[in-house]
Every structure is written in structure tokens, then in C-alpha cells.
Amino acid sequence: MKLLNIWKAAWALSGLQLIRTGLCAEDASSDSDSPSAVVLNVQKDGGNESSPLLYGIMFEEMDHSGDGGIHGQLLQNNGFQGTKAGLTAYWAIGEVDILQDEANPLSDAITSTLQVQVMPEETDFVGFANGGYQGVPVMNATYRCEFWMKGEYSGPVTLQLVGTSSGTVYASHEMAANSTWRRFTRYETTFNATASPDGDNDFRLLFDGSKVPGMSLNFGLVQLFPPTYHSRINGLRNDLATVLEAIRPSFLRFPGGNNLEGLEIDSRWAWNRTIGPVVDRPGRDSDWFYPNTDALGLDEYLWWCEDMGMEPVLAVWDGKSYGGILVGSDLQPYVDDIMNELEYLLGPSNSTYGRMRAQNGREEPWSVRYIEIGNEDDYTGGCESYPDRFTQIYDAIIRKYPHLTIIASTIDKVCLPLSPPPGILYDYHYYRKPDELAAMFNEWDNQPRSEPVIIGEWGCRNTTAERGVFWSFVQCSCSEAVHMIGMERNSDVVKMSAYTPLLQHFGFTQWSPTLYGFDSSPGSITPSTSYYVQKMFSTNRGTTVLPVNTTANFGPLYWVASRDNGTYYVKLANYGEEKQTVHINVPATRSGRLEMLSGPRDASNQPHNVTIQPTLHNVTNPAGNYTVDLAAWGVAVLAVS
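In this text, residue positions in the sequence shown follow my numbering: the first is 1, and each later residue adds one.
In case anyone wonders, no lab produced these hints; they're calculated from the structure.
Computed from a prediction, not measured in an experiment: that's the story for all the values here.
Keep in mind that a hint or two might mislead.
Simulated pairs of lysine to aspartate or glutamate, EDC-like, Cα-Cα distance not exceeding 16 Å [said to hold, decoys possible]:
no. : residue 1 : residue 2
1   : K413      : E384
2   : K44       : D564
3   : K211      : D124
4   : K211      : E122
5   : K211      : E152
6   : K211      : E95
7   : K84       : D285
8   : K413      : D388
9   : K400      : D337
10  : K413      : E451
11  : K211      : E121
12  : K84       : E102
13  : K433      : D602
14  : K413      : D378
15  : K400      : E451
16  : K400      : D336
17  : K84       : D101
Starting from the given sequences, assemble the full structure and let the hints guide the process.
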């Protein structure tokens with residue numbers, strides 16, 4: 001109590017500006033003098049170095065987060081990939097029949113095309129529509145389209161974006177085509193569209209049926225792109241990527257996750273099937289029960305990292321699929337494949353695989369420093385053989401690339417070599433209910449500093465069934481903030497963490513909640529409450545975690561302080577039903593900002609209805625004394641200089 005009284009005396013002299021949230025005006029005088037207030041004195045020196053990679057993201061193709069999601073191509077089933085493609089997303093326009101034609105493959109990879117059979121005596125424009133991924137997003141923007149065409153036709157082709165139910169035409173672009181049956185001819189064009197009020201839209205390709213009555217034309221790999229992030233060809237959707245960029249993630253762990261492993265060995269994520277022209281990528285059946293086009297491939301992931309300023313964390317296939325596990329000599333060809341992949345990434349442009357990289361548009365080697373061997377080898381039967389598989393792959397990589405940092409896909413010592421090599425990182429994944437996650441606040445306090453970790457997947461889940469649609473909610477996100485404070489306090493040994501999953505298309509949800517979601521309608525991008533917590537913590541980072549002197553104990557209030565040059569950050573989470581008054585002293589600071597997120601315990605941001613967002617306040621105090629009134633289940637970041 002003596003410390004609190006001294007604090008109050010200083011407070012009275014300081015002309016302090018009070019910052020409050022969730023309080024009625026009449027409550028202010030009594031709460032500022034509350035004997036239960038927590039006093040935090042941030043120290044200028046001491047503490048530990050914080051990992052610059054602490055907050056990042058993990059991506060794998062699920063919930064149509066890639067195909068139909070952050071990858072820009074908007075048409076579903078455009079390459080008939082996977083084993084059960086059929087005519088999904090297509091329908092005929094006019095008096096024509098359409099079919100999946102395996103007799104006219106576009107390439108060795110794209111083995112089916114769409115055949116449009118025109119009825120005799122046809123006189124109108126006819127063709128086909130593609131409805132995208134539960135609709136085609138139509139924005140006031142310039143679209144790029146490319147397609148391949150085969151058949152005896154010389155005349156106009158019209159590309160349209162149309163309201164499926166309304167019939168409203170939002171874009172119509174005519175171009176000339178001249179094709180034959182001898183081979184497929186590639187066409188590319190751009191056109192402008194006006195915005196649709198909803199997502200009930202489709203893409204249409206039409207041609208003059210009077211020129212080919214009773215005949216047929218084939219169309220292959222039709223692609224439609226809105227504006228892309230950094231204007232990349234075959235790039236990311238700019239709107240979805242820009243929302244992610246705002247978090248300022250430090251790393252990208254890819255390509256999974258379960259989607260790396262494959263339901264069978266032959267359907268694993270194979271790097272060399274995801275590079276080069278999309279027409280040469282065969283796609284595959286994914287672990288999430290829909291086809292992957294792999295148009296978002298190895299190079300696209302790395303351009304994504306470079307454009308967003310993220311460190312790549314590449315997982316390589318280590319012999320474990322859901323349909324079988326390879327060891328010893330059976331694994332060796334796949335170890336050789338890993339070495340080919342690394343030469344593709346890191347080798348000079350005159351090496352065998354480095355030359356392939358250069359031909360695919362990247363002359364200089366990629367900057368890749370972190371390689372994870374496998375994914376979750378403590379699950380699905382991988383534990384027993386992982387020590388041998390890990391060692392076999394580790395030895396091959398380090399022999400040629402000793403500068404790389406290797407990550408084991410588990411932290412379970414039972415699943416690791418008896419004497420793991422020095423310098424590796426250990427990956428740990430967990431999903432917990434709110435109370436369980438908050439209880440893990442001190443999980444990393446006693447982690448041996450010689451055994452650094454990454455939390456490659458984690459998050460709060462409160463589900464009543466394994467499958468279903470669930471939303472991040474305020475208590476859940478507050479428990480994540482508590483846990484992140486614990487990780488940040490130990491960020492000398494917790495090197496990376498990634499909330500997971502990243503992204504969902506609301507129409508195709510298989511696992512939830514995710515960080516943010518979307519559908520095909522305008523304004524649909526919906527950041528979750530967890531998105532805002534991640535953004536608050538990631539965009540307010542110090543390089544050194546500082547000691548905080550206090551007589552208070554952790555719980556229900558949690559805190560961590562850090563510094564980056566002359567800016568100090570204090571992060572707070574109130575994991576409880578009562579508001580908390582916090583007096584914070586940060587010497588030699590005068591002003592800054594306070595960002596706060598709070599709401600009813602069970603409140604969520606749901607599609608098209610973002611109700612919980614942070615508020616931002618300016619703070620000023622010549623003596624460096626600040627008061628924060630933190631609502632129940634509230635999260636706050638004070639940044640002062």
C-alpha cells in the first residue's frame with residue numbers, strides 16, 4: 001500500500017490525462033483512487049532480447065483460403081484437376097451442350113478441357129458460364145483474363161461478368177479469336193468492370209454460334225484475375241492480401257500443415273509440381289477433400305514473402321503421409337528430392353535446378369533460412385520413425401547447407417533423436433479452450449534456453465463438435481492475448497508463433513475459427529476479434545523485453561513491457577469479469593497512444609457484421625504516468641515515447 005500512496009501523490013502533481021474505457025462518467029473519481037488498482041513500474045534497463053520473428057502467419061490450403069481465396073484466380077475447376085472434377089461450377093449459355101473432354105488435353109498436366117457443342121442451325125451467341133467459388137467477386141476494377149481455345153473458329157469472343165440472378169451485365173469485352181483443331185491457341189486480355197452490389201455473379205465466355213453450327217469448340221484453363229498484390233502475374237488477391245499486410249507478419253510458414261503431407265504419398269505437396277507455367281501444374285486431391293490447383297506454388301509463396309517482408313519458413317515432406325510412411329532406403333529418393341528443391345531455391349542460376357528457377361522468373365537465389373522437416377510428426381503414427389527420418393534428412397541438408405536453421409516438427413522428446421543436434425528449433429502445435437489457453441500463460445517460463453521453440457500453429461477454440469462453423473469471440477481472443485503476453489515475456493526462447501488457421505471462405509468452411517474470412521460479395525472481408533489482437537501485438541513490438549516492478553500478481557490482469565529505441569510498449573490483458581484500473585509509470589516518456597479492444601464476453605465478428613474493433617486514444621503526461629481502465633475481457637497496448 002505504501003507504494004500505491006507514493007504513486008497517488010506523484011499522480012496529483014503530474015496533471016495526468018486519464019484514459020478510460022467501459023466506465024460511466026460518475027464512476028471516474030472513485031475508480032482512479034481504487035485501492036485495488038495495479039501499479040506497474042516499467043524499468044528502462046535489464047530484461048531479455050525479443051525475437052524479431054515472434055509474430056507471423058502459417059498458411060495451408062484449406063477452407064478455400066488459397067484456391068478461391070488469397071490466390072487471385074477467381075474461376076473454380078478451371079483446369080479440371082482432382083479425381084472428381086466433373087462440371088463443377090460450369091453451366092451452358094444458349095443452345096449448346098458442355099462436357100469435360102479428356103480426349104483433348106491442354107498439356108501433360110491439364111488433361112481435360114471444356115467442350116462446347118453447338119446445336120445445328122444456331123444463330124445466336126452461345127458459350128458457357130463459370131460461377132466461381134459461390135459467386136465471382138465483381139469490383140470496380142480492371143480484370144485480366146486468359147484462356148486456351150481449340151477448334152475451327154474465326155470471329156468474335158465476348159467475355160462478360162454478369163449478375164447470375166439479375167442478368168445485369170457489369171463487364172462486356174469483345175475480342176477477336178482465330179483458332180483451329182490443330183492445336184490450342186492462347187489468348188490474353190484485360191477489361192474493366194463496374195461493381196456489383198452482391199456476390200451473385202458469374203463469368204461468361206460467348207462466341208458466335210452461327211459460325212460453328214453443329215460443331216464444337218474446346219476451351220482450356222480459363223483464368224480470371226482481379227487486381228493482384230504488387231501487380232504480380234498469377235498473384236494474390238490485392239484486397240485479401242492488404243488486410244493481412246496490416247498485421248505486419250514477420251514470417252510465413254508454408255505449405256502446411258496437413259496439406260503438406262497428402263492423403264496418400266502420391267498426393268503430397270510436391271514442390272516440382274507447383275512451379276513454372278500454371279498450364280504445367282497438374283494439381284492434386286488435397287487433404288481437405290477438394291482439388292488443389294497448386295497455382296499458388298513454391299515461387300508464389302516466396303514472392304508473397306518478399307512483397308510482404310516476411311521470413312520464409314519452408315516445410316519439406318519427410319516421408320509421412322496419411323496413407324503411409326517411408327523410411328530408410330525407401331525414403332532416400334525423397335531426400336534427394338528435398339536437395340533438388342533446395343538447389344532450386346538457393347543454387348546459382350547455372351546449376352541444374354537454379355537454372356529452372358531463373359527460367360521461371362527468379363534469377364537470384366531466394367532468401368530461405370529456415371527449413372522444417374515434416375509436419376506434426378508426433379501425430380498420425382509418425383512418432384516412432386521420426387528420429388530416423390529426421391536424422392536422415394537433417395544430415396543431408398546440413399552437409400551441403402550448414403547455414404540453414406532446421407526445425408523439428410515436434411517438441412515431444414519421445415519422437416526425437418536421443419541427442420538432437422545443436423542449433424535446431426522445436427515446433428509445438430496446440431489449440432485450446434479459453435480457460436485452458438490462459439492457464440498456459442507461464443508455459444515457456446522454464447523452457448531450457450538451449451532448446452528454442454516455434455509455435456507453428458496455435459489458437460483458441462471452443463467447439464462442441466469436431467466439425468462445424470465457430471467464430472472467434474472476445475473471451476477467446478482475450479485468452480490468446482494472455483498467452484501471447486506469456487510468449488512475449490519469453491521471446492528469447494519462443495522464436496516464432498503463428499495463430500492458425502489464417503483464412504476462410506465462408507461458403508466452404510471446414511475448420512474454424514480463422515483469423516479472418518470473406519465471401520464473393522463486396523465488403524465481405526471480416527476480421528475476427530483474434531485478428532485485431534494479433535494486429536495490436538504484432539504492430540507494437542519492442543526489441544527488448546523489460547522488467548516491470550510491481551506488488552501485484554498475474555491474474556486476472558496480465559502484462560508485458562518492451563522497448564524499441566525510444567518507444568516503450570506495455571501490453572495488457574484483463575481475463576476476468578471485472579474492469580481493472582492500471583497505473584503505469586514509464587520514465588522519460590511524455591506522450592503516445594493507447595489502443596484497446598473490448599466487448600461482451602461472447603461477442604463475435606461475423607460475416608458482414610464487424611462490431612468489435614479496437615479504439616485508439618492519444619495520451620500525454622510530462623511525468624510518464626498513465627492510467628488505463630481496462631474493461632472486462634479487455635486487451636490494450638500502450639505505446640509511449
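Here's how the hints hold up against the structure:
Note on K413 and E384: the hinted pairing holds, with a Cα-Cα distance of about 11 Å set against a maximum of 16 Å. For the suggested pair K44 and D564, the alpha carbons sit about 11 Å apart, so the restraint of at most 16 Å is met. Note on K211 and D124: the hinted pairing holds, with a Cα-Cα distance of about 10 Å set against a maximum of 16 Å. Taking the CA atoms of K211 and E122, the gap is near 9 Å; set against the 16 Å cutoff, the hint holds.
For a cut-off of 16 Å, the pair hint linking K211 to E152 stands: about 9 Å separates their Cα positions. Taking the CA atoms of K211 and E95, the gap is about 14 Å. The hint holds against a cut of 16 Å. Note on K84 and D285: the hinted pairing holds, with a Cα-Cα distance of about 9 Å set against a maximum of 16 Å. Straight-line distance between C-alpha atoms of K413 and D388 comes to about 13 Å, which keeps the hinted pair within the 16 Å bound.
This hinted pair checks out: K400 and D337 have alpha carbons roughly 14 Å apart, not beyond 16 Å. Note on K413 and E451: the hinted pairing holds, with a Cα-Cα distance of about 11 Å set against a maximum of 16 Å. Of the supplied pair hints, the one linking K211 and E121 holds, its CA atoms being roughly 10 Å apart against a limit of 16 Å. Between K84 and E102 the alpha-carbon distance is near 13 Å, which keeps this suggested pair within the 16 Å criterion.
At most 16 Å may separate the alpha-carbon atoms for a hinted pair to count; K433 and D602 meet this at roughly 13 Å. Proximity of K413 to D378 is assessed by CA-CA distance (about 10 Å); at most 16 Å being required, the pair is judged to hold. With a CA separation close to 24 Å, the supplied pair K400 and E451 exceeds the 16 Å bound. Proximity of K400 to D336 is assessed by CA-CA distance (about 12 Å); at most 16 Å being required, the pair is judged to hold.
Of the pairs offered as hints, the one joining K84 and D101 holds, with about 14 Å between alpha carbons and a cut-off of 16 Å not exceeded.
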